[in-house]
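*Asks:* Whole structure, please, built from the sequences with the hints as guidance.
Sequential numbering from 13 applies to the sequence shown in my numbering.
Using 16 angstroms as the maximum straight-line C-alpha spacing, the simulated EDC-like pairs for lysine to aspartate or glutamate come out as follows:
1. Lys452 - Asp477
2. Lys397 - Glu585
3. Lys138 - Glu532
4. Lys347 - Glu78
5. Lys138 - Glu315
6. Lys452 - Glu486
7. Lys568 - Glu521
8. Lys554 - Glu532
9. Lys495 - Glu465
10. Lys494 - Glu459
11. Lys251 - Glu532
12. Lys275 - Asp20
13. Lys281 - Asp20
14. Lys251 - Asp133
15. Lys251 - Glu38
16. Lys449 - Asp477
17. Lys495 - Glu459
18. Lys251 - Glu191
19. Lys138 - Glu478
20. Lys449 - Glu459
21. Lys397 - Asp386
22. Lys402 - Asp424
23. Lys518 - Asp386
24. Lys493 - Glu459
25. Lys229 - Glu274
26. Lys452 - Asp424
27. Lys568 - Glu585
28. Lys517 - Glu388
29. Lys568 - Asp386
30. Lys493 - Glu547
31. Lys138 - Asp477
32. Lys449 - Glu478
33. Lys518 - Glu388
34. Lys452 - Asp487
35. Lys554 - Asp540
36. Lys568 - Glu388
37. Lys225 - Glu64
38. Lys251 - Asp197
These aren't lab readings, by the way, just hints derived from the structure by calculation.
Given the structure is predicted, the values throughout are model-derived calculations rather than measurements.
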Amino acid sequence: MRYRSEIDGLRSIAVVPVILFHAGFELFSGGFVGVDVFFVISGYLITVILIEDLENKRFSIIGFYERRARRLLPALFFVMVISIPFAWMWMLPDPLENFGQSLVSTSLFSNNILLILTSADYWEIKATYKPLLHTWSLAVEEQYYIIFPIFLLITWSLGRKKVLWLIFIIAAISLILSEYGWRKDINSNFYSTPSRAWELLAGSIGAFFVYYKGVQKNNLFALLGITAIILSIFVYDEKTPFPSLYTLVPVFGSLLLVLYAEKNTFVAKILSTKLFVGIGLISYSLYLWHQPVLAFARIYQQESLTYFDSYIIVLLTFFLAIFTWKFVELPFRNKANYSSSRIFGLSILMIIILSLIGLYLDRSNGAPQRIFTDGEYQRSSHEVKITQLKRTTFDQVVKSDSSNTGIYIMGDSFAQDVAYLLSYHDPKIKFTLLESKSAKQTICDSELISKIEALKGSSILFAYDEGFNVPCIEDVINSAKKKNIKIIFIGTKHFGINMNWLARKKLNERSSLCQSPAFEKINIDLRDSNSIPQENYFSFLKTFSDNNCFPITNSKGELLSSDRQHFTIAGVEYFSNQFFLNTNIKAVLNSSNK
13 MRYRSEIDGL RSIAVVPVIL FHAGFELFSG GFVGVDVFFV ISGYLITVIL
63 IEDLENKRFS IIGFYERRAR RLLPALFFVM VISIPFAWMW MLPDPLENFG
113 QSLVSTSLFS NNILLILTSA DYWEIKATYK PLLHTWSLAV EEQYYIIFPI
163 FLLITWSLGR KKVLWLIFII AAISLILSEY GWRKDINSNF YSTPSRAWEL
213 LAGSIGAFFV YYKGVQKNNL FALLGITAII LSIFVYDEKT PFPSLYTLVP
263 VFGSLLLVLY AEKNTFVAKI LSTKLFVGIG LISYSLYLWH QPVLAFARIY
313 QQESLTYFDS YIIVLLTFFL AIFTWKFVEL PFRNKANYSS SRIFGLSILM
363 IIILSLIGLY LDRSNGAPQR IFTDGEYQRS SHEVKITQLK RTTFDQVVKS
413 DSSNTGIYIM GDSFAQDVAY LLSYHDPKIK FTLLESKSAK QTICDSELIS
463 KIEALKGSSI LFAYDEGFNV PCIEDVINSA KKKNIKIIFI GTKHFGINMN
513 WLARKKLNER SSLCQSPAFE KINIDLRDSN SIPQENYFSF LKTFSDNNCF
563 PITNSKGELL SSDRQHFTIA GVEYFSNQFF LNTNIKAVLN SSNK
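*Replies:* See the structure below:
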């Protein structure tokens, strides 16, 4: 395969916007499309190699996996190993537990699956504090590397035209899945390999044409390709559904460059300059380092990163990438330094070691003994609850034939927190924690009030992290009034975008601390408090904040929340008394006692 310097130049166009986007530079609002460009490049390069091996009857699945292991694993393992001590020193137990899960899933090429299962929204604030978040894209590529060579090996005897048509069909199905997926579950769709496969396969399709017909020279198409990529970098943002039909723009632009950016085209000459090629050569290490460096910088600091901080971090990322490329990537690619058996042996050993470390961090709940005594941890972890609460359904309540004249609590995990507050305040209070759908589906259920009335309920407490941006609030309140049922909407809560800095403080230094909630949560609470009648709304943020500073520890230095959203035992104690002094909440308790 002839070396194409313009492809290395294209790597630089892919990686730099990703780094600047994650560093918080708003100009690069669509910098995440760099990952899509990488997918096309990977699909193209791998498929050219596979076609060449198959055509020359020298294809070896073991040989292919060895090349991939040499290319990807040493630098990845190096970054993971360096990240571990910083995570150990700077992370609270809950995020360290998640980091341990990421170590295991990244080692097993499945971090995208972990992120789907743990519902980690790529755009949410807490995602920026995950050092290995970015390895989801490596997992997608690695899963492609496992499946695609086997697919080609099985189908190659059909003839290259039929194989190409099969790839077209699979890519089309994958594109349809991505367009359907973002409408159904935008988070799972973002990380899912089936939803991303068409991007890699676009590169594979380009490889067939380039291998058999060569790279074509077309200045117009090459210019159109680079324009499409650059346009999407500066026009797209987190509100753009991805992957979807919108993703066709950077993917098609990348494909045009693969097919038509012949070395003598204007675009290829620019991409082949030393600067672009140099960045392209270290692009893999750049990609590996940028997220951990940014995440640990955010974890360490109590305040948000400034633009100056971000500039320094970007420079540090380049330094680390150059070092890793020269002293880790290149040596392991050289067979004279590391034989095939040694590469496989070291890879398996590192997978085992990193997985064991990750399992320890996960099973130990983030090694809390680093920071807390056992008693302090029991009171400072949201995973340790004062009582066992089970959700139930309307049908189960009816079948149980119990006369519940108390309170019904509905919502997401925030509703469970409200249930803990009730349990702590008075174990005799009758309430039922109901299984619920989204805020809109639950609150706008036309049969909701009649169901509660039939069950002899006196009150309904709603609590959702997302708040109450639903169209039927007034209708539900009016319907409930007619049935003499009290309705309270419990506002969202948040303990700040980062609490990891507490890990570096001794217990006697953690007393009565507070910090500002995420700006997004403040806006949600402000929106809901302005749109919902005062007698039907309770605001955690307004009730407990002092000059927009929300409490995060009590007078003993115990954490009120360990994940910035849910109560610990110390948190339940702290918020309980004042919560039940609220006039609206007292009215709920009084109605349930009648």
